[in-house]
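S.K.: Can you build the whole structure from these sequences, using the hints too?
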Amino acid sequence: MTAPIAASTITGTAASVAGEPMLVLEEVNTYYGQIHALQGVDLSVAEGEIVTLIGANGAGKTTTLKTISGLLHPRHGTVRFEGTDVSRTPAHLLVRRGIGHAPEGRRIFSRMSVLENLMMGAFTRETPTIPPDLERVMTLFPRLRERSHQLGGTLSGGEQQMLAIGRALMSHPRLLLLDEPSLGLSPILVQQIFAIIREINSQGTTVLLVEQNALQALSIAHRAYVLQTGRVVLAGPAKDVMSNETVRKAYLGED
Amino acid sequence: MTKIVGDPNYIAVVGPVNSGVAKAQIPISNAAGLLQCSPSNTNTALTVGDAAKALRTKPNNYIRVVTNDAIQGPAAAAYIITVLKKTSVYIIDDTETFGKGIADSFEAEFKKRGGTVVKHDAAPKTTQDYVSIMTAAKALNPQSIYFGGVTASGGARIALAAAQVGLDVPFVGPDGINDGSGDTKDSFLNLANKVAKNAYSTLAGPGTFEGKDKFDADYKKEYGIDATGYAGQGYACTQVVLDALARAAKTNPKDSAALREAVRVAGTDTTYEYTLDVGKVKFDANGDTSQLIVSIYSFDPAAAKGKGDWKYETQVDAAQK
Amino acid sequence: MTAIASPAAQPNPLSRGIRMTVIAVVAVVAYMLILWVLLFGLGGRTVANAFPEALQQTVNALSIGAIYALIALGYTMVYGIIELINFAHGDIFMLGAFLATVFIAGITGNNDAVTNIPLLIVLLLGALVFTMPIIGLLNVGIERAVYRPLRHAPRLAPLITAVGVSFILQNVALTIAGSGDRKSPQIFPLDWTIPIGGAQVSILSIFIFVLAMLLMLALQAFVSRTRLGRAMRATAQDQEASALMGVDANQTISLTFLIGGVLAAAAGLVWGLRFGFVRFDLGFNSGLKAFTAAVLGGIGNITGAVIGGFIIGFIENGAASLGYSRWSEFLVFVILTLVLLFKPTGILGQLTGDRA
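Chains as they are written, first to last, in our numbering: chain A, 1 to 255; chain B, 1001 to 1321; chain C, 2001 to 2356.
It is possible that some hints are incorrect.
Said to hold, decoys possible - Calculated cross-link-like contacts (lysine to aspartate or glutamate; reagent style DMTMM-like; alpha-carbon spacing at most 25 Å): (1) B:K1185 <-> C:D2112; (2) B:K1058 <-> B:D1007; (3) B:K1307 <-> C:E2329; (4) B:K1305 <-> C:D2281; (5) B:K1086 <-> B:D1104; (6) B:K1058 <-> B:D1284; (7) B:K1197 <-> C:D2191; (8) B:K1194 <-> C:D2191; (9) B:K1185 <-> C:E2329; (10) B:K1307 <-> B:D1216; (11) B:K1023 <-> B:D1213; (12) B:K1282 <-> B:D1317; (13) B:K1307 <-> C:D2112; (14) B:K1311 <-> B:E1222; (15) B:K1194 <-> B:D1300; (16) B:K1125 <-> C:D2281; (17) B:K1100 <-> C:E2329; (18) B:K1197 <-> C:D2112; (19) B:K1003 <-> B:D1300; (20) B:K1119 <-> C:E2329; (21) B:K1112 <-> B:E1096; (22) B:K1214 <-> B:E1261; (23) B:K1194 <-> C:D2112; (24) B:K1125 <-> C:E2329; (25) B:K1100 <-> C:D2281; (26) B:K1307 <-> B:D1213.
Source of the hints: derived by calculation from the structure; they are not laboratory data.
The structure presented is a predicted model; accordingly, all values stated were derived computationally and were not measured.
M.R.: Okay, structure coming up:
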């Protein structure tokens, strides 16, 4: 970490369309009680992008996603989504605004069937619009169709991850937050999941992806942010970040 | 009571109403040598036996103008067999000292007189479902029901449940359900209402005495409410205390402590015969009255402006067996 | 039981419902037969006499069990969603019983036995329509005013507060109504009976059971089939994840208290009809037993609470039938202790998918 690229020098590239990017975090400081978890995070995601957030355990990746989706609120700084300050907006209202969050640890409803889990994902939607979305998710994840009447808790890890992503998609998000979707999955499944993320993105959903599997994440992302102890220490196009010396050493397992 | 005994101005106490309260008070008043006269305590263990002795550390200070449950329960048994002509009974008590005690003494007498006790059940006052209990009672085909307890511990609830399951037999209870007319808040007759048509209750004292009508009228005039239950006995206790005070005064006690002791001695004098509203009475060494009269009441639906009230039927005098 | 975890046994709700019904019917018939045998074996009845009595007692058990079950649902649902043992819930039931009494007495002037059937139906429906929303909203108000501020406090704080609320509600009733029994008009004619198998089965008992079952089936349908019901179950399982689905946890919790209050109010109404009295401390014992029912069935589990309620009803009735009423509470708690000792999650705890 001798020469991190200053984040501020790169943020300009995020503004792809006219006006402000879809999601903007400015000087976000989030606390868990006394613990200062995010120490002034600046970040932006433009519409149509896949942006990944990489960093070590405890760097603040999950906290960043929770702050965006409203599960946590920043003590200082702002979160703007589509031009509106949503720093204080509770999570259940942000879903309606178009932020979908597949949280860390999948958090599926284990005592509900797969179908019910998906219906929960569509909680904010009008009933007639649900069937086509259900069809879309079932097409993306054929396994979910097979198991639609099985209880969530009885699914395998990979199936649960698919369910978590599918469930988040059911809310028809314009921005999808994915927290460690590859965690604990077999390499083949990891490939599948990343392929699906790319497909979701190509269908028009903006994705903010938190990953420990940095190589995979960087390979599908347009841009990347590197977090370290609650700060953005590096930001830029995924290719540049991937080629950054320190990143290669610290996160991509190269000497 | 601790406050009262500590104040030398108190020379005697009329009360308490409740046997349970008496049990707690007697040790305190006894140690202080303060005369206590209860108008309504009927629990046998307050005056008789080891339990009574255990309450007292000094010479007796407690007398009562009503007779005890060892007389009250059996009187009901005698009434059911000899007057109502019912030879079997279902007994239910509320598991408490008074209720169980009187139900036991009732049961013994009922059996002694050749009656059949189909079942002696017990249900604590916290019981929820009396309907099931009465369903079981009905299956045993009793000719009468005896309840040992008070209204608050289930008297009316049992009568209601018995009516609900169609167990339409005389329902007899002690003074605990003789607690006012159908117009009296919380009373047995107020709650049991129409199903009380077959109800009987007892009081452990004379239900009528010379001048009772005048007493009732004066009472109503003075307090604005009907003289119910043991009102006459309350007055009798007051007479006892005044009488004892008059006799104590003749001994010229030198201070208030001596006066209190003199009142106690005069009050508990077993040889003295009091002339009270309820009749001529002596107290024995235990503090029990020589008047062994229990009155029986039935339900009069027309009384108390149609709300119903207890009507004096007869009295059973255990002294004249 | 292990079958529930395997994909093959995935509950088709209908077949599961049929299976549960069959089990319930078998259990009820078994109870009746056992009681029959015990009555002539221990109770000194003749074989022929004992049958109608056992039948009658079984109906009694179903009717008191239904009341406990309705109350137990409020405990179990609230526990399921915020892990609070709402000690004040029994008193909510008590207030429901009082309110229904006030409504009925206010209209009928304390007259028992309304034999005009349309009038009776109007009165009963009126009492439900009057009592259920008021008690439901009272329960919601208590949650909002008292429990919500303590949502993130250490768990002991809301628990103690619930005990405090219980005392407050009792004292409100005590102040207004006094300490004695208050008469509750038994407008449902008690002499309406149907002769079955030599027994006179009271129609009131059947009414209580059917009303309770209808309410419980409606609840089951609501929780399992509707969007809000699903949201309730989701919140019970994972409050944060359901917030991410767009579920407002506060609203869902309010809804849970509303439903609990509504069911307790219905229980209060039928209580008055059956037993003819209400009292300020009614909620303490009923509440304790209903809470026991909820724990017995597996706290947090709706079906479990219903099963638990009926089990308590049967235990109490069994004791009363055989002349051991004084032991009924003792028995209830012995069985509770045994269940908790050998199956701490209760009968259905966490095995089924319908926790809410």
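S.K.: Each hint needs a verdict: does it hold in this structure or not?
M.R.: Against the structure, the hints:
no.	hint	in the structure
1	B:K1185 <-> C:D2112	holds (18 Å)
2	B:K1058 <-> B:D1007	holds (19 Å)
3	B:K1307 <-> C:E2329	violated (36 Å)
4	B:K1305 <-> C:D2281	violated (31 Å)
5	B:K1086 <-> B:D1104	holds (18 Å)
6	B:K1058 <-> B:D1284	holds (16 Å)
7	B:K1197 <-> C:D2191	holds (16 Å)
8	B:K1194 <-> C:D2191	holds (14 Å)
9	B:K1185 <-> C:E2329	violated (29 Å)
10	B:K1307 <-> B:D1216	holds (19 Å)
11	B:K1023 <-> B:D1213	violated (33 Å)
12	B:K1282 <-> B:D1317	holds (15 Å)
13	B:K1307 <-> C:D2112	holds (14 Å)
14	B:K1311 <-> B:E1222	holds (23 Å)
15	B:K1194 <-> B:D1300	holds (11 Å)
16	B:K1125 <-> C:D2281	holds (11 Å)
17	B:K1100 <-> C:E2329	holds (18 Å)
18	B:K1197 <-> C:D2112	holds (15 Å)
19	B:K1003 <-> B:D1300	violated (43 Å)
20	B:K1119 <-> C:E2329	holds (20 Å)
21	B:K1112 <-> B:E1096	holds (24 Å)
22	B:K1214 <-> B:E1261	violated (35 Å)
23	B:K1194 <-> C:D2112	holds (9 Å)
24	B:K1125 <-> C:E2329	holds (12 Å)
25	B:K1100 <-> C:D2281	holds (23 Å)
26	B:K1307 <-> B:D1213	holds (21 Å)
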